[in-house]
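Let's have the full structure, built from the sequences with the hints guiding it.
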Amino acid sequence: MPTAAELEQAMKPTWCPGCGNFGMYRALKEAIEELGLPAEELMMVWGIGCHGNGADFYNVQGFHGLHGRALPVATGLALTRPDLKVIVEMGDGDGYGIGGNHFIHSVRRNIDMTAIFHNNQIYGLTTGQASPTSEHFMKTPSTPGGVVEEPVNPVGVSVAQGATFVARAFAGDIPHLKEIYKRAIQHEGFAVVDVYQPCVTWNKINTFSWFRDRVYKIEELPDYDPTDRTKAFDLSMSTFHELTCAPDECKIPIGVFFEEQGSFTYQDGLPQLDRPMWKHAEKPRDISATIAAFGG
Amino acid sequence: MPETPTELRVRIGGEAGFGIKAAGQMLARSFVDAGLETFDLTEYPSLIRGGHNNYLLRVSTEPVYSHVEPVDVLICLNHETLEMHHMELVDGGAVIFDPADFPATEIPSRLRAVPVPLTDMARDAGGKIMRNTVALGALLGIVGFPLTFLGDSLRTQFAKKAPEIAENNVKAAQAGCDAAVAACPDFFVQLAPIEGAPKRILVDGNEALGMGALAAGLGFYAAYPMTPASSILHFMAAHEREYGVVVKHTEDEIAAMNMVVGAAFGGTRAMTASAGGGFALMVEAFGMAGVSETAVVVGVLTRPGPATGLPTWTEQSDLRYVIHASQGEFPRVVLAPGDREDAFELTWKAFNLADQLQTPVIILGDSYLSDNRQSTPAYDLSKVSVDRGKLVAEGSVPAEALSEDGRYLRYKLTDDGISIRALPGVKGANQLGNSYEHDEYGFGSAGEPAPVRISQNEKRMRKLDLARTLVPPPAFFGAPPEEADIGILFFGTTKGPAREAARMLEREGVKAALMQVVTVFPFPAEEVAGFLQTVPNTLLVEGNFTGQLEGLVRQECLLPVQYTLHRYDGRPFTPEQIVARVKEVL
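Sequence order for the protein chains is A and B.
Each residue of the first sequence is one higher than the last, beginning at 20 in our numbering.
Each residue of the second sequence is one higher than the last, beginning at 24 in our numbering.
No lab work stands behind these hints, which were simulated from the structure alone.
Take these hints with a grain of salt, some might be off.
Partial chain B-side listing against chain A, Cβ under 7 Å, derived [as the list claims (entries may be wrong)]:
no., residue
1, G240
2, G242
3, N281
4, T291
5, K482
Okay, derived cross-link-like pairs now, BS3-like style, lysine-lysine, Cα gap no bigger than 30 Å in a straight line [stated by the list, open to error]:
no., chain 1, residue 1, chain 2, residue 2
6, A, K31, B, K435
7, A, K302, B, K183
8, B, K406, A, K302
9, A, K270, A, K236
10, B, K450, A, K104
11, B, K406, B, K222
12, B, K184, A, K201
13, B, K184, B, K151
Yeah, the Cβ is synthetic: ideal placement off N, Cα and C, and Gly gets one too.
The following block contains the structure:
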């Protein structure tokens with residue numbers, strides 16, 4: 020069972036100094052150590068973006084896929100390797116933009132795996148264009164007149180689409196993030212963790228201090244019930260606000276919005292998934308019954 | 024001279040939704056059960072109800088490789104069928120029709136009118152829905168074939184329904200038979216069961232491909248429906264519990280291909296299939312399988328394009344596309360089955376090649392293969408083998424795969440280009456499968472220096488040399504090339520019509536040598552060049568406009584091809600068309 024230090028490659032992260040990815044990196048390594056996951060059971064998958072450069076920094080069994088397509092690669096693994104714990108890392112453009120279709124369908128499938136979204140509300144690796152979560156009217160090189168679209172609401176979409184675990188976290192609060200990671204990884208079903216992860220180079224609006232002034236913890240809300248899907252959806256809508264809003268006008272909840280325990284996972288619907296599926300190809304399969312059904 | 028085989032060609036036509044294909048396949052099943060050989064061709068528009076559907080069945084006492092143009096019996100389930108197809112009938116050919124649909128006077132006098140009150144008889148037997156069965160009985164009646172085999176097929180077909188349904192159908196068939204015999208007691212084709220004939224299965228190309236994949240130990244199949252590949256998804260889904268396969272109908276083809284890469288990275292034999300349009304969406308992940316050295320199998324069952332094209336028709340115009348698909352360069356293998364024997368064999372072999380080479384393998388077929396059933400020698404499972412190449416699925420990473428400091432090198436440089444592939448779960452198998460260029464460990468950022476890029480690129484491309492020693496060679500049919508009057512070169516499903524054409528030419532004293540390019544990539548340049556230099560003339564036959572195989576021959580062999588024959592109207596070649604072209608050029 021690797022320690023946080025053993026989960027690091029010799030290569031040091033190349034993210035910009037101060038990048039929110041550092042906090043996520045540390046929190047995830049610590050969460051894995053504290054959960055005591057054996058190296059042979061841990062499988063990580065990345066999409067493409069600044070988050071994906073992290074593929075080189077973790078000492079794990081990993082696959083660094085295409086832009087937007089980490090979820091289906093991870094799904095292929097999760098649906099054939101019941102012995103693996105699959106953790107997927109994606110960006111906001113990667114996971115909610117180009118990979119948006121996979122996001123919606125992965126949520127509704129309730130595949131037992133953990134999906135972490137590095138949400139910096141900007142395209143970092145391609146130099147600062149608007150992302151699907153960039154705020155309304157934000158000006159970027161691809162939207163000099165300001166973003167016209169409403170931002171994607173990842174928490175609201177997940178809750179509406181039947182997700183069984185939906186959380187949001189902030190990379191500037193590592194202990195809180197780590198606890199959310201641990202709950203997400205332990206959750207049986209598809210766990211969505213949207214992490215606000217400020218981009219210090221390209222996003223000059225949604226900075227660490229901007230978030231620190233606005234975030235509050237859901238668990239501190241009196242009487243909040245994370246098993247109430249409707250309330251979770253209502254709370255997800257409270258995140259959205261005017262670009263120039265004052266800190267006290269736009270509070271951002273972080274924590275577990277929704278959790279349903281004991282749900283029916285996609286894997287529960289696959290009784291044939293009783294062992295790693297490569298075991299079916301140790302020798303030719305006897306399909307004589309099928310050949311006979313065609314007259315043979 | 025061999026005795027001319029007894030043959031029957033029958034076309035059944037009617038409106039979509041009439042169950043014409045199901046009826047036709049039941050008829051084919053009856054003949055195959057009785058020891059005869061069959062080949063069928065279904066033509067249908069891209070809709071569920073209405074429009075003209077038709078089903079062509081060729082029955083013979085000898086193996087048949089394709090459909091042919093003439094028809095002996097036309098079964099008209101509506102008026103339109105007569106108008107559209109009467110000219111295909113040979114003189115004296117029979118038209119089975121319902122006089123309630125149109126009068127016998129509309130049938131040209133060179134033909135034999137066989138009126139059978141299909142609707143009335145079906146209703147008397149228990150329901151109008153059995154019209155097709157009455158017509159099948161009528162057909163069997165005029166060719167003197169016992170109804171017992173059809174009865175057995177009907178009982179199998181309706182085994183899960185109330186017993187009277189099968190029996191009512193048998194009654195309907197008998198009524199049709201009696202009426203037709205009375206109207207036409209002396210038809211010129213008479214068929215009888217063959218005792219002790221070798222065991223045949225009746226399968227279409229997709230079923231053959233599906234069985235090949237299952238026999239190979241398939242563990243994961245992901246796909247999005249697209250004609251003509253959809254029935255592979257149905258086939259797999261129907262067998263997933265029985266054989267322990269995970270089958271996923273995905274949100275799109277992009278997901279299907281990426282899931283297959285994920286499953287294959289985990290060591291599972293994994294496959295997807297689509298038509299050319301669906302494959303277009305898969306292409307980026309297909310390339311990822313190449314650079315990440317992941318063993319995947321992809322079926323590309325083509326139809327006329329571009330874009331939506333002609334969804335339910337056939338064409339061979341995606342050859343260049345599948346050979347070149349993806350940005351960048353990496354080794355791949357493309358296998359082109361010509362019939363339902365090839366489809367089974369090449370599919371299980373594709374999985375071995377993918378594992379041995381750790382690279383994607385394509386099965387290139389088309390609608391003509393996918394949709395149509397052919398009587399085929401029952402598959403011999405004892406010939407199927409599983410070779411997973413340099414795979415370590417359990418235990419620890421072997422020493423030869425480790426670096427000097429003891430780390431597993433997934434992409435270790437080797438002479439043959441193949442590195443030891445230790446699956447996630449194996450002790451010490453921390454690794455990074457990567458869509459980026461990468462170093463021996465798999466690090467993307469370490470893949471950028473020029474020497475690393477060059478060494479990894481060359482390592483992958485070396486696998487093509489190994490591939491050349493492993494892939495199925497070209498297949499030869501007909502006359503020996505040294506004795507031939509003409510050589511005919513083709514790939515894929517043109518095999519059937521070409522083999523039939525060679526038989527027809529032989530009867531006329533023309534010797535045709537046939538070469539099927541089975542592995543279209545890597546291209547068997549030496550063998551093709553040898554063939555071209557041996558035969559006195561070459562005719563290249565391919566179902567596309569631009570001459571894609573011809574271009575490959577010129578590029579790879581630096582040799583011209585004298586004559587070509589193209590077809591791009593959505594229909595498969597007929598043997599007669601190839602024969603006519605041979606006569607024109609000789």
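Where does the structure disagree with the numbered hints, that is, which hint numbers, in rising order?
-> Checked against the structure, the hints that fail are numbers 5, 7, 12, while the rest are satisfied.
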